[in-house]
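Novice: Residue-level listing of the chains:
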Amino acid sequence: MGTLAQQLINGISLGSVYALIAVGYSLVYSILLFSNFAHGGFLVIGGYICYYTLTALGNNIWVAGGLSLLGAGIAAVLTERIAYKPIRERTNITLYLLIASLGMSIVIENIFVIVAGGRFRALPPVIPTNPVHLFGLTTTSAFDLLSLVVAFVFLTALQLFIVKSKWGLAIRAAAFDLKTAGLMGINVNMLISIVFFVAGVLAAVGGIFLSVRYTLYPQLGGITIKAFVAAVVGGLGSLPGAVVGSLILGLAEMLTAGFISSQLRDLVVFSLLVITLLVKPTGLFGKKPTEKV
Amino acid sequence: MVMAVLVFGASAAMAQDTIKIGYLAALTGDWAAYGQTELKSAQLAAEEINTRGGVLGKKLEIVPYDFRTRAEDAVNAVRRMIEQDKVLAIIGANGSGINIATAPVVNRAGVSQIGTVSTNPLVTVDNNGKVRPYSFRICFTDPYQGTVLAYLAAKEMGKKKAAILYDVGNEYSQGLREFFMKYFKEYGGQTVSDQGFRGGVDVDFRAQLTEIRNSGADVLVLPNMGKEMALIIKQARELGMKDLLIIGGDGYAEFMWDIAGEAMEGTYWVNHVAPEDPAMQPFFAAYKKKYNDECKEFVNGVLAYDSVYWLADAIGRAGKADRKAIRDALESTTNLHLHHAVLTVDPTDHNPKDKDAVILECKDGKARFFKKIRPQQ
Amino acid sequence: MGYIGGIIILLCINAIAVMGVSLLTGFTGIFTLGHAAYMALGAYTAGILTVEHGVHWFLAIMAGGLLAMIVAYLIGIPTLKLMGDYYAIASIGLVESIRLILENWQSVTRGARGYPGIEGFTTLPVAVAFFFVLAIIMVNLINSRYGRAFKACRDDYLAASLLGYNTARYRVLSLAVSGFYCGVAGALLAGFMSFIQPVMFDMMKSTELTSMVVFGGLGSLSGTLLASVIITLVTELFRPISQYRMLIYGGVLVAIMVLRPEGIMGSKELWNLRRKR
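Here the protein sequences line up with chains A, B and C, keeping their order.
Take the first sequence: its letters are residues 1 to 293, numbered as in the working numbering.
Take the second sequence: its letters are residues 1 to 377, numbered as in the working numbering.
Take the third sequence: its letters are residues 1 to 277, numbered as in the working numbering.
These are computed hints drawn from the structure, not numbers from a lab.
All values reported here derive from a predicted model rather than from experimental measurement.
Mixed in with the good hints, there may be bad ones.
As a list, the in silico SDA-like pairs of lysine to any residue whose alpha-carbon atoms are at most 20 Å apart [as the list claims (entries may be wrong)]: (1) C:205 - B:201; (2) B:242 - A:130; (3) A:179 - A:194; (4) C:205 - B:200; (5) B:59 - B:319; (6) B:366 - A:125; (7) B:86 - C:4; (8) B:86 - C:7; (9) A:179 - A:168; (10) C:81 - A:74; (11) B:86 - C:3; (12) B:130 - C:117; (13) B:242 - A:125.
Bound conformation, chain A alone (with noise of 0.2 Å):
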């Protein structure tokens, strides 16, 4: 019984941080229909300013966290405006903007292979770890507990944000249909500019976790893949499927992992991915993709 209750507990802290990825992923899913591969680089954007910032201005996570949360959102919104925009405004052919956003996350992890070198950076431990023993039953770290809280702060905010603010509204009807959200009179690229910024944010949450535990390297945003994965299985372009199915993808690594084989757990991973596809592309909560005749 231990056992179970510590892989469910390592499944579900697993899935909360992949739950920050997936969701800033699909936000940008919801709104141009694309899937941004590019993500992994804010993450990677986050954990590194992070990191510079610690090692050059002392040890306070708030003042790092905060510059690396900027910063990526910032880096986001400028991709955006380098690779995407130029291509959507001129056509409506999503296989661009994928392939374009490949290409960026190629650029973007190999600017910190030549600049950061290919060392592995340990971020100064300013994220507590301990062991912490829950309930007699069984033991995590500090750090476990910390991510879950964390990343529960995070997506409350985005939830209020997006049902409770005015450009809440406004992505809410972009996500509906960008093409008559833009004429209701909504100022198109300032929304998709925002959403970017969010999605960065997001990840550099994510990334900021993900170096600390896992330590920084320039390759570190290939977990994404795994986000995204989650992201589909839940349902692209839709936000609580995207946590929903980050926690499911959490928990069933852990529990392959543990009760089967270490080496199966990606295994699993993948056929959730294409049993989705095949049962119910759309996921848990997706909305369908219609066909326009």
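For this one, chain A is given, so just place chains B and C on it according to the hints.
Specialist: Okay, now just chains B and C, sitting in the frame of chain A:
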């Protein structure tokens, strides 16, 4: 296309008045720390040798290639070194899997390759037990290292139940695990948990560690490379596994402290060299002076450095800049006094004979010399 | 074999794989990020057959292509129902799954450590011969009625089905043929490197293949071949400074999409250029 041919052709025709040695190093990718240190150490050695007059009256020239911690890049790089740069011999890589992949290429082409820390037996000997004429190494092998690890766990530390967490994608890791398990059993121990992970991909080991915790093992054996081992150690302590003894092989590197911090205290490592070894101090000092950086991956540094000296000596003994003669000289090396050890090569399997293993203990922020072991095989 | 010879062989191998992807993406309009999986299947089949069963390399290569084709066909039937981006996502899942299976099936494939000791059967004449034969077949296929059906599926899927084309069947056919090409390319690669590892056939490789097609121009076979030559050569030339190479590669992808998304040739062929419309 024509331009490319001209450029390639020109670079090959230039400079046959240096002794060219290819260096296969992982300058990027997961092994970047090891590779960069190796290359710098090798270049330091070459510089020293050149200041003293070079080899056969010519200057030693190191031609480096980055194999990006990927075997296919290593195979391509080796081909290019041999045919474009026309190197006389190759030093590197530090990984067994890499050298096993390049072995067919170098043996077909007749160019010697010296592995620095490539410890798997298949590096110098093929699947049928026949020695690969052009494959060499300067380090001891995994059967030996496995024995040492098993001896350390069972006899020195008195542990009876071992858990292993190994990298399924790494020849070195697989081999070391096999040999450990075999000898641990012979010493009266029992492997109670055998878990795998995918190196270079997996960063979260909590699932496996939870299983290991449950198995009641009293020692955890890590036959892997630095980054993953550091993460494993860190996560194990975070899961509250404080009393578990953790030991590992020569994938140890000082950068692990950056990742795992205090969690490293109390771990033990089988290795080729101790950082306090007096014979190596001049090298460490020279390295620090030239590069303004501690030689953190000291094993790689020392072995790369001595590989260059070994090769230079062999070229001198061969008497000419000829690939086959150099190979023969390498194979017949006997009682060569290098900086970290005395080297004698066994011609039947190209493995160094009678090399001591050094056990390091992690204490007070550094790996320190604990003991020298040479168990009977 | 010579270094230059080796480059030409690599060019031929990449060209064969990329022709396969071009058929699927450029001519049938199905965007895929998973074709490295078919190369992997071809490579391992050829490797295992020649090393462990003493099969002659020509048969082994054909077997590799055939296996890839069959797997592509079987996978295609359920997954090609997916529209738009969804198929691309599924293809990522597939390539990763196949790679993971290869990594874990230790008894057959030796797992993630890789499979060494393959005989070097891919010599210069072999590679060039395969390339020419397969290229001629591809050109003919595209200009045949099958080709027209593929293009109809690409240009307007709905209209095509309304016009009576059995679009599902043609899409699956296109996938199967592209699987064959990639399988053969993979088998040739195994015979060239003498060593294969599952990690050689990851998403990065798939991305390279698809990028070459887009770079060359969707719907242009000559453009695709041109692109594959350029990219392979640049990769080789930049090998010593590989981190800059990747940076430039990513940058070029973005630049092309922003500045000239139709690629080098658009949808025209080199050999049709001279004709005035």
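Novice: The structure should be examined with respect to each hint, and the outcome stated for every one.
Specialist: Hints, verified against the model:
Restraint check for residue 205 of chain C and residue 201 of chain B: satisfied, since their Cα atoms lie roughly 17 Å apart, inside the 20 Å limit. Only pairs whose Cα atoms come within 20 Å are accepted, and residue 242 of chain B paired with residue 130 of chain A is accepted, the gap being roughly 11 Å. A hinted pair counts as satisfied when its Cα atoms are at most 20 Å apart, and residue 179 of chain A with residue 194 of chain A qualifies at roughly 17 Å. Distance restraint check for residue 205 of chain C and residue 200 of chain B: the Cα-Cα separation of roughly 17 Å lies within the 20 Å cut-off, and the hinted pair is therefore satisfied.
Restraint check: the Cα-Cα separation between residue 59 of chain B and residue 319 of chain B comes to about 15 Å, which is no more than 20 Å; the hinted pair holds. For a cut-off of 20 Å, the pair hint linking residue 366 of chain B to residue 125 of chain A stands: about 19 Å separates their Cα positions. Distance restraint check for residue 86 of chain B and residue 4 of chain C: the Cα-Cα separation of roughly 14 Å lies within the 20 Å cut-off, and the hinted pair is therefore satisfied. The straight-line distance between the Cα atoms of residue 86 of chain B and residue 7 of chain C is roughly 17 Å, inside the 20 Å bound, and the hint therefore holds.
A distance of roughly 17 Å separates the Cα atoms of residue 179 of chain A and residue 168 of chain A; the hinted pair therefore holds under the 20 Å criterion. A hinted pair counts as satisfied when its Cα atoms are at most 20 Å apart, and residue 81 of chain C with residue 74 of chain A does not qualify at roughly 38 Å. Distance check on the hinted pair: residue 86 of chain B and residue 3 of chain C sit about 11 Å apart at the alpha-carbon level, within 20 Å; holds. Between residue 130 of chain B and residue 117 of chain C, the direct Cα distance comes to roughly 14 Å. Compliance with the 20 Å bound is thereby established for this hinted pair.
With a C-alpha separation of about 19 Å, the suggested pairing of residue 242 of chain B with residue 125 of chain A holds against the 20 Å cut-off.
Taken one by one, the earlier hints fail for this structure only at number 10.
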